[in-house]
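With the hints as extra help, turn the sequences into a complete structure.
Here is what each chain is made of, one letter per residue.
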Amino acid sequence: MTQNALMIEMTDVMARFISMAGKRLPDDVLQKLAEMRDEEDQEMAKEIYRSMFENLEKAIELDRPICQDTGVINFFVKVGSNYPYQLQLKKILEDAVKKATLDAPLRPNAVSIFDEENTGDNTGERTPFLHWDIADDSDEVEIHLYMTGGGSSMPGRATTLMPSAGYEGVAEFVYDAMVEKGINACPPLIVGVGIAGSMENAALLSKKAILRPIGSQNQNPKAAEMEKAMEAGINRIGFGPQGISGKTSVMGVHLETAARHPATIATAVSVGCWVHRKGTIRFKKDGSYEILSHKGVSL
Amino acid sequence: MKKILSTPLKRDEMEALKIGDIFYLNGHIVTSRDTAHKHLIQKGNEMPVDLKDGAIFHAGPIVKKNEDGSYQMISVGPTTSMRMEKLAKEFMESTGIRLMVGKGGMGDQTAEACRDNKVVHCMIPGGCAVSIADQVEEIERVEWLELGMPEALWVCRIKEFGPLVVTIDTEGNNLFENNKKLYNQRKAEALADLKNQVSFI
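Protein chains in written order, with the working numbering: chain A, 1 to 299; chain B, 1 to 201.
Worth flagging that the hints you see were computed from the coordinates, not collected in a lab.
Hints may be right or wrong, so weigh each one.
If you anchor each label on the Cβ, the simulated ranges turn out as follows [unchecked claim]: (1) B/Glu67 - A/Ser216: 44 to 50 Å; (2) B/Glu85 - A/Asp12: 42 to 48 Å; (3) B/Pro48 - A/Met1: 41 to 47 Å; (4) B/Asp193 - A/Leu130: 38 to 44 Å; (5) B/Lys65 - A/Gly296: 30 to 36 Å; (6) A/Asp12 - B/Glu67: 23 to 29 Å; (7) A/Gly197 - B/Asp193: 27 to 33 Å; (8) B/Asp116 - A/Pro221: 39 to 45 Å.
Glycine included, each C-beta is placed from N, C-alpha and C at the ideal position.
In structure tokens:
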């Protein structure tokens, strides 16, 4: 395949992948939601889960986005240092977003700052948002996609705590966000918490945290313990599916960390709604690909 | 049996609804969210749709334009109603609506205005946009499309639209605010328990 043909093919695959990710939940999210549905015994909560699963089935049957807010598309790209098409990736992803907006269709969600115009195709200034990591000695590229909805962005917040606040201060900051805004963000939620030296690093880590597989835990045993304790704590608050109360409020709490400055504990929280639309696809340099997030799905 | 109401909504039907009640809606509902609220209240534009005794939906849909120029509802679900908190009172007073449908709850100012104007706020499950789109029989027309697809006023004819859970009733009772008090109390208990588990410093 010529380079040009490979670029066209990859754009097409990415457009179909984006479209698919708006219509089907990834395996880990589906499995967790099914477990949580079975845990609920209150009638209202059970009714909400029934509506949710009925909608998931209809989305596949009618080939439509699960939720009308298909988000602003974020890509977290892990590009191999030897991957030959690094320079082409940005254009491929932008073109794929434009194509998916028409084909899926996705809701146009990119509004220009100050001019306040909806661009209509989900691209615009720094949009789709791209975040790059480099994988040493690899000749592949792994693309993590996330559809960042408005509702689930609303509870997002960051602060810089003083060390005297302790890790309990981190938990309090997160719990406050849950009760004030999380209840309106279509729970059950996946909660990502970033802890670092300064706010912008914490914020990025909090977003990466919600993209971790549901059920995974932080490698540091203390962090893993805090994840479990916070998950139990938020479930105890009991806002439940859609915030109208129930046993299951969160799909999990994920902590991601970077070493902090001695004088600060910067903390950020990001949440994903129950329609947690993320996906991972890996391309080899010959253009062949594997979908890691949705097993058995063909594009 | 399903409780079903129809637009135009009557004042006494609204007064009979209490927080936590569930019902479905027939008739018409018009989408209106952030920019449409601003367009009406702050920019002073005239509302091009008669909303008297009607219902609005805090929602920004995905709509497909058919080749014959008509529109098809692809995916539509509620958006966070709290974003309309600042303008909801004036909106209901200038349009004469009886029902707002959205996601989550709304604040004290809206609850008071609901009491004074005999308006109800309901939530419909979020993220269930294909099911809800299926309850839209037809998009009869669109206004203010220049505000963009999510922000335009989509006039929808609906059948058994729901489930709608009453979150603010005409006495100003507020389901989400009541729940929040309970959640805050449990939050304090959960934090007290957590303290010993995370004293890593």
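Each hint, compared with the structure:
no.	hint	in the structure
1	B/Glu67 - A/Ser216: 44 to 50 Å	holds (47 Å)
2	B/Glu85 - A/Asp12: 42 to 48 Å	holds (44 Å)
3	B/Pro48 - A/Met1: 41 to 47 Å	violated (53 Å)
4	B/Asp193 - A/Leu130: 38 to 44 Å	holds (41 Å)
5	B/Lys65 - A/Gly296: 30 to 36 Å	holds (34 Å)
6	A/Asp12 - B/Glu67: 23 to 29 Å	holds (24 Å)
7	A/Gly197 - B/Asp193: 27 to 33 Å	holds (28 Å)
8	B/Asp116 - A/Pro221: 39 to 45 Å	violated (56 Å)
The structure fails to meet hints 3 and 8 from the earlier list, while all remaining hints are met.
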